[in-house]
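Enquirer: Take a look at the letters that make up each chain.
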Amino acid sequence: MFKVGDEFNSKFKISKDIYDGFVNIFNDKNPMHVDLDFAKNHGYSGIVMHGNILNGFISHFIGEQLPVKNIIILSQNIKFNNPVYLNDLLQFNASVFEIYESVNVINFKFKFINQKNITAAKGKVQIKKLD
Amino acid sequence: MTKEEIIKEINNIFIDVLDDEDIAISEATTSDDVDDWDSLNHIHLVVAIEKHFKLRFTSQEIQSWNNVGEMILNMKEKGI
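Top line first, the protein sequences correspond to chains A and B. Read in order, the letters of the first sequence are residues 1 to 131 in this note's numbering. Read in order, the letters of the second sequence are residues 1 to 80 in this note's numbering.
You may find that some hints are simply not true.
Each pair of labels, with its calculated beta carbon distance range [as the list claims (entries may be wrong)]: (1) A/Phe38 / B/Asp38: 26 to 34 Å; (2) B/Ser31 / A/Gly56: 30 to 38 Å; (3) A/Glu101 / B/Glu9: 21 to 29 Å; (4) A/Lys116 / B/Ala28: 53 to 61 Å; (5) A/Glu64 / B/Lys3: 40 to 48 Å; (6) B/Asp20 / A/Ser59: 25 to 33 Å; (7) B/Ala28 / A/Gly21: 16 to 24 Å; (8) A/Ser59 / B/Glu5: 22 to 30 Å; (9) B/Ala28 / A/Asn52: 38 to 46 Å.
It should be emphasised that the hints constitute simulated quantities derived from the structure, not laboratory data. For each residue, glycine too, the CB sits at the ideal point set by N, CA and C.
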């Protein structure tokens, strides 16, 4: 089903709906995320989006964009390289870099690149294909 | 590698994967003997062992093991 080198690409936008939904559901109202003046005073050009919104996009990628549905995430790590702002359009790229057929485990590398061609985040996610 | 050397390296993998410094495995060790060696951690352990020793098992091989010693025998057959 998967082979090393397989690539997947998609785009995600940090919309107002996603941002509002995240703030309201998880109640993280740290001023860096909700107070423009506070964020600007700390060197950012706008309120900084929660990094874990990107993890939601990873969830969407694994759950909705792969060609199989009988999968679970075993582990995931992400490094936030640059801030993401409201309405940023992120190009998402993921590729298979390791497969462990004995236990049906597939390892992906991924990265998010913003509309200015700057890497916003990158990491790895490991999934298991269930029998 | 000798069995003892393999066990020592596998033990370090168990400590790392299961985050338990007190683990001390032997050839007779089974999943019943180690806290947190559950089905998902079993997968993490197999992946870590395959990666560390640069080898690949088959699903049939994994299912045939009854203890750590049988896994090590399998590894020896693969030239470890």
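Enquirer: For every hint, state whether the structure bears it out.
Expert: Quick rundown of the hints versus the structure:
no.: 1; hint: A/Phe38 / B/Asp38: 26 to 34 Å; result: violated, 44 Å
no.: 2; hint: B/Ser31 / A/Gly56: 30 to 38 Å; result: holds, 34 Å
no.: 3; hint: A/Glu101 / B/Glu9: 21 to 29 Å; result: holds, 22 Å
no.: 4; hint: A/Lys116 / B/Ala28: 53 to 61 Å; result: holds, 59 Å
no.: 5; hint: A/Glu64 / B/Lys3: 40 to 48 Å; result: holds, 46 Å
no.: 6; hint: B/Asp20 / A/Ser59: 25 to 33 Å; result: holds, 29 Å
no.: 7; hint: B/Ala28 / A/Gly21: 16 to 24 Å; result: violated, 52 Å
no.: 8; hint: A/Ser59 / B/Glu5: 22 to 30 Å; result: violated, 41 Å
no.: 9; hint: B/Ala28 / A/Asn52: 38 to 46 Å; result: holds, 43 Å
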